[in-house]
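Just so you know, the sequences run in chain order Y and W. Per this note's numbering, the first sequence starts with residue 1, numbered consecutively. Per this note's numbering, the second sequence starts with residue 1001, numbered consecutively.
Derived pair list, reagent style DSS-like, types lysine-lysine, alpha-carbon separation capped at 30 Å:
#, chain 1, residue 1, chain 2, residue 2
1, Y, 166, W, 1041
2, W, 1057, Y, 205
3, Y, 289, W, 1083
4, W, 1057, Y, 166
5, Y, 166, W, 1112
6, Y, 205, W, 1083
7, Y, 105, W, 1112
8, W, 1084, Y, 205
9, Y, 289, W, 1084
10, W, 1112, Y, 289
11, W, 1049, Y, 166
I should point out that these hints are in silico values taken from the structure, not numbers from a laboratory. Fair warning: this is a prediction, and the values are worked out from it, not measured in the lab.
Spelled out from the first residue to the last, the chains are:
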Amino acid sequence: MYTSLRFLLLALLSLGATQFLRAQENPYMVAYDHNLEEPGSLEVEYFSTFGTQRGGPNFHAFWSEFEYGATAWWTTELYLSGQTTFGDSTVFTGYRWENRVRPLKNEHWINPVLYVEFEDINGADKILKEVEGHDVESDFLTPNAEARRERNRELELKLILSSNYKGWNFTENTLAVKNLSNEPWEFGYALGASRPLTLKGAAQKCNFCLQHFIAGVEMYGGLGDRYSFGLHNTSHYLAPGLAWNLPSGWTFKIEPSFGLNDNSHQFLLRWGVSYEISGFGQKVSQLFKGKNE
Amino acid sequence: MRIVAVAGISTLLLTSLCFLCAAQSKPEKTGPPSDFSELEKAPAKYRAKTNPLSKDKDSIPAGKILFEEHCAECHGETASGTKKAPSLRAQEVQTAPPGSLFWILSNGIVRKGMPVWSKLPEPQRWQLISFIQSLGPAEAVENKPPAKP
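Modelling step: build the complete structure from the supplied sequences, incorporating the hints.
Written out as structure tokens, the structure is:
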């Protein structure tokens, strides 16, 4: 893991990617808003989830994201995930490739974004990047050695509806997941609201100005599947969060999540760090062309 | 099995990288750097908007910082334009109604590569406009003959 990270950092440095771009990230860990990555920018992110588990050992799940703004209306992203279950083992749990596309040209009262993701993960995955179908806490009791034998290739579709109003962001995501083996469609949702602590920009450069902090709350959970749609035997979470967008391009996020029913983990603590590199795509294309334009 | 998975992921990554580089090196349909026709598309209700922060003394310095953080990458550090995006010191921008610039910032020109900046709160968008329109036309600076030694 550390070797891979070191390799990645060296690769980025060798590209001379030293320019930064201040991100304006909302604190959501599960919900998405309609703000896409700036074209040509690469955001490298690391996130962790510490989860409590009744009837079994707690766990620490982690994932890396490489989010790239292919165009102003299309963002593509690769995730690599793993987890450590205390007293058990640490395992790599798979990858996800997601794409978000903004179909409308202009900003509207409600802005739709279409989301398509392919997942190739094993049954030991615990990052809880989304909650779907009848996902419940007891699913995580299976020992890693056994759980990782289960392979899930899934197609995940989301409709993201998001609005910015007077500094607030409101977002609503509906989720449909199809395991590509013979399993029914599963459904889920995520809702979020957030706002910077102040709306005006400061007249001096500063790291701790209130404008750099965005506070918010999100709620997410499963909605059953095609044959048993609804809230029966599903889990739900409420999660207040804070994002700190530093002018240097770094963003830090923290989000405690609280389970809302007996099927949910009682407590999850999520945190993450990301760095945005502007002009990444241009630098890579120059590297391939072998000359500076 | 693991080797196959690693090979699969590597191939996927490499293919994606090549594809994205191609997309990047062949920019989207961009108008000529002097194409400011989008400004005229701003609806009348936006064109009529005035900058509520035009008299705020902090507006220009705050806008300058926001410009450096969000806009300089494409429009250049002096806002005089780059290959990626046009000069914001062109006459058309400097004399445009602030409401038109606000509309462009809020909506972007996504099919031509300009992102939507509605994620910046409204006051910050107005601060950016205060700064941009405080710069004045570039000609005054750039067309000045070089000083003789």
